[in-house]
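With chain A held as given, fit chain B onto it using these hints.
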Amino acid sequence: MKGHLGADPAEFIARVRAALGRSRTEPAPPPPAVDETIARLARPSDDLVALFEKRATLVGMKVRRIKSADLTREVLAVLESVSARRVVVGVGSLPQALGLKESIRRKGIEVVDWQAAPGLDTQYDTDAGITDVHAALAETGTMICNSDAGHSRGLSLIPPVHIPLVRASDILPDMLDYWARIKGKRGRELPSSMAFITGPSKTADIEGVLITGVHGPGAVHVMLVEDA
Amino acid sequence: MNPASLPKSPPPEPKDVHVLPGPTDGSAFTGAAMGQGNITEIHDTNPLDVTLPYHMQPRVEKATHDAQLQQFVNSATLSKDRARKRICLEAFGDNYNRMRELGGRIKQHTLDHLDYYLEQFVTNAAAAGAKVHFAETTDEANGICLDIARKCGAKLCVKSKSMVTEEMHLLPKLESIGVETVETDLGEFILQLDKDAPSHIVQPMIHKDRAATARAFTRELHVEYTEDPGKLCQIARNLLRNKYRQADMGICGGNFLIADTGTVVICTNEGNGRLCTSAPRVLVAFVGIEKLVPSLEHLGVLLKLLARSATGQPLTVYNHFMTGPRRPDEHDGPEEMHIILVDNGRVKTLKEETREMLRCIRCGACLNTCPVYRKIGGHAYGSVYSGPIGAILTPMLKGLGNYPDLPHASSLCGACYEACPVKINIPKFLIQLRRDQIKQKITRWPDRLIYRVWAATLRNSLTYRLGGWMQKWMFRLQARGNGSLGRAGSDPYASRGWLSDAPGPVKSWTRERDMPTPPARSFRQWWDEHEKDKKSKEA
Numbered sequence: 001m002k003g004h005l006g007a008d009p010a011e012f013i014a015r016v017r018a019a020l021g022r023s024r025t026e027p028a029p030p031p032p033a034v035d036e037t038i039a040r041l042a043r044p045s046d047d048l049v050a051l052f053e054k055r056a057t058l059v060g061m062k063v064r065r066i067k068s069a070d071l072t073r074e075v076l077a078v079l080e081s082v083s084a085r086r087v088v089v090g091v092g093s094l095p096q097a098l099g100l101k102e103s104i105r106r107k108g109i110e111v112v113d114w115q116a117a118p119g120l121d122t123q124y125d126t127d128a129g130i131t132d133v134h135a136a137l138a139e140t141g142t143m144i145c146n147s148d149a150g151h152s153r154g155l156s157l158i159p160p161v162h163i164p165l166v167r168a169s170d171i172l173p174d175m176l177d178y179w180a181r182i183k184g185k186r187g188r189e190l191p192s193s194m195a196f197i198t199g200p201s202k203t204a205d206i207e208g209v210l211i212t213g214v215h216g217p218g219a220v221h222v223m224l225v226e227d228a
Numbered sequence: 001m002n003p004a005s006l007p008k009s010p011p012p013e014p015k016d017v018h019v020l021p022g023p024t025d026g027s028a029f030t031g032a033a034m035g036q037g038n039i040t041e042i043h044d045t046n047p048l049d050v051t052l053p054y055h056m057q058p059r060v061e062k063a064t065h066d067a068q069l070q071q072f073v074n075s076a077t078l079s080k081d082r083a084r085k086r087i088c089l090e091a092f093g094d095n096y097n098r099m100r101e102l103g104g105r106i107k108q109h110t111l112d113h114l115d116y117y118l119e120q121f122v123t124n125a126a127a128a129g130a131k132v133h134f135a136e137t138t139d140e141a142n143g144i145c146l147d148i149a150r151k152c153g154a155k156l157c158v159k160s161k162s163m164v165t166e167e168m169h170l171l172p173k174l175e176s177i178g179v180e181t182v183e184t185d186l187g188e189f190i191l192q193l194d195k196d197a198p199s200h201i202v203q204p205m206i207h208k209d210r211a212a213t214a215r216a217f218t219r220e221l222h223v224e225y226t227e228d229p230g231k232l233c234q235i236a237r238n239l240l241r242n243k244y245r246q247a248d249m250g251i252c253g254g255n256f257l258i259a260d261t262g263t264v265v266i267c268t269n270e271g272n273g274r275l276c277t278s279a280p281r282v283l284v285a286f287v288g289i290e291k292l293v294p295s296l297e298h299l300g301v302l303l304k305l306l307a308r309s310a311t312g313q314p315l316t317v318y319n320h321f322m323t324g325p326r327r328p329d330e331h332d333g334p335e336e337m338h339i340i341l342v343d344n345g346r347v348k349t350l351k352e353e354t355r356e357m358l359r360c361i362r363c364g365a366c367l368n369t370c371p372v373y374r375k376i377g378g379h380a381y382g383s384v385y386s387g388p389i390g391a392i393l394t395p396m397l398k399g400l401g402n403y404p405d406l407p408h409a410s411s412l413c414g415a416c417y418e419a420c421p422v423k424i425n426i427p428k429f430l431i432q433l434r435r436d437q438i439k440q441k442i443t444r445w446p447d448r449l450i451y452r453v454w455a456a457t458l459r460n461s462l463t464y465r466l467g468g469w470m471q472k473w474m475f476r477l478q479a480r481g482n483g484s485l486g487r488a489g490s491d492p493y494a495s496r497g498w499l500s501d502a503p504g505p506v507k508s509w510t511r512e513r514d515m516p517t518p519p520a521r522s523f524r525q526w527w528d529e530h531e532k533d534k535k536s537k538e539a
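Residue numbers (our numbering), protein chains in the order written: chain A, 1 to 228; chain B, 1 to 539.
Wrong hints could be hidden among the right ones.
Unchecked claim - Over the 10 Å line for every Cβ pair with chain A, so calculated as not near, a few chain B residues: (1) T110; (2) H169; (3) Q203; (4) P204; (5) E270; (6) L341; (7) V372; (8) M396; (9) G414; (10) E538.
What the hints assert, rightly or not - In silico lysine-lysine, BS3-like type, Cα no more than 30 Å apart, as pairs: (11) K507/B - K534/B; (12) K472/B - K398/B; (13) K348/B - K173/B; (14) K183/A - K423/B; (15) K398/B - K428/B; (16) K85/B - K62/A; (17) K375/B - K398/B; (18) K428/B - K62/B; (19) K54/A - K85/B.
FYI, nobody ran anything at the bench for these hints, they're computed from the structure. In this text, all values refer to a predicted model and were calculated from it rather than measured experimentally. C-beta: ideal position from N, C-alpha, C; glycine also.
Looking at chain A on its own, in the form it has when it is part of the complex:
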């Protein structure tokens, strides 16, 4: 390998090989199978919307079950409740969210153009981040937010309030189902950042007292769009 620092990779791996009692590297036999009867914690036959709502609520997120026609109104209600003045939006091509930016602007709330400047700098002084999700997991109430041209790493992380839009069709039963969906993708085909988000930012470092919002958002208001 070119451009490495420190120990020589071939020599390093040779020492590993020697410690394992082998003189040359052989392909590993198939790894242990992930037995679904043990590892699966949610099934396609479950009521996924209800399960997602329940689990997301348990980890401290606020979930609103809504119809797509009410999306704009509900998002504006949350923005108003947190007195938002500047927001960042990254919703890709989500049809339900088209027009959302315009409605927010009409309320007198600034929509920051984070794509105009590289880096996260424009996002630190915002009050809320609105995103869609790549997928959601009913098993744990988790949302998967990936980075790409339309999605910043910062939108679900830097503003004090995160408003994810989760469509019922985004919800997968179990983490196992997400791995099945992206199976076979090599590293370069994955985004540089995938974030599995299960709750607002939390710490219990000071005497075990739970505090939310220590570095990431202190509140997550999930818009769970049932008819999409």
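Leaving out everything else, chain B in the frame of chain A:
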């Protein structure tokens, strides 16, 4: 249990206060007030920078006489231990043991073929644009990091929690070439202010209280004194946000490496890990080579176990998967990603007899469940890894002769083995290390002599009985001499006396606690009578 069924009760979320960002109000806080603490002040040297060989006795004695430390550690570990058991049973039910076994088999398989998976990881990470470096020693790892820092002209570095960097005292090295480096995990940030060191793998400042935090903030950050955890968090948040914004280099650890995608995975609750790895232009991840797993699917099994075992959460709040630097169409993320794969004693631990120890996923469950850790706290172990896993891992990574006491810092009760999500047989390794100490003559000769006599006594029925009889009467006589025999009440132990000042080799045992004297009738006597009774009834 149907794995898909809903839990009957909510996952164990500590009943505390959610403080939203923004100015916090003291009245919103209702946590238990125990802010009268006075246990820790600023340290001159890192508490884990110990002289070798390390003897734990002085720190153990100090800890066992520190009521406040014991209260903190005990209550924090007990509540996490209960949370672990509750949520694991809720999620996995009767499959809990099979799930642990599967987790253990996945890690063991990867370690058994680590040469193959390392090669695969390097190829895939490089294909995704990351630069992979190998470091045999901590000096080599630090050197690589300093080279990267110099090349990119770093001035300010933000760092998230990483146990492997704790092994190598990286921060002073970075500071020495003029790179200001800030720990951003709240616990680590507070420890950095006090020049203190973590005492728990997952809850680094388990030994400190809010008052110590308040003093550190007032002294180092010149803010108004407050003991309100919400306000303290707010102060840290505001300060650290500016650091993320200005930093040109970010450092993180790695909970897992995925061989077939070249991905580094970090699991954090606070979000500081995502910020450290997303905001700065250059990212450096330090990861021990034992962190590999074959694929995302296998990672999933370990993620399902990790947070449940560590803190009783279903998943860590943020599981961040990083595969190479930012893509051409992405607007943010690091431009350079470096991964430093660290040996530092791991390769020699890979030999067959000790390989299983490297399965550890650093959940801290064994610490939380260990009766010894709860009594003595993490710093008594004199190393980054404390508790039962530290007692076996530290001697392997840093030399058995350097940490002769650690394999004995256990009652061998086996609770750690029960709690371990990847089924590391810790008690077995503790005994193996004790045996190795005798073989390598690390144990002093009088101790070896005692073991020999003991072993000979136990091998023969007559000497066993004689020994038991002598021990019983010596202890009872000694207890009578203490004037403690028949110390009152209906407690069967108390009525037969306590030994509070034993002679000879038992002396150090009774220095910290009393020993109940043996009962008048031994088990063997009882058994003989029981058998006699049975025979007479049958006859």
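**OP:** Give me the numbers of the hints this structure contradicts, sorted from smallest to largest.
**Re:** Structure breaks hints 1, 3, 4, 5, 6, 11 and 12.
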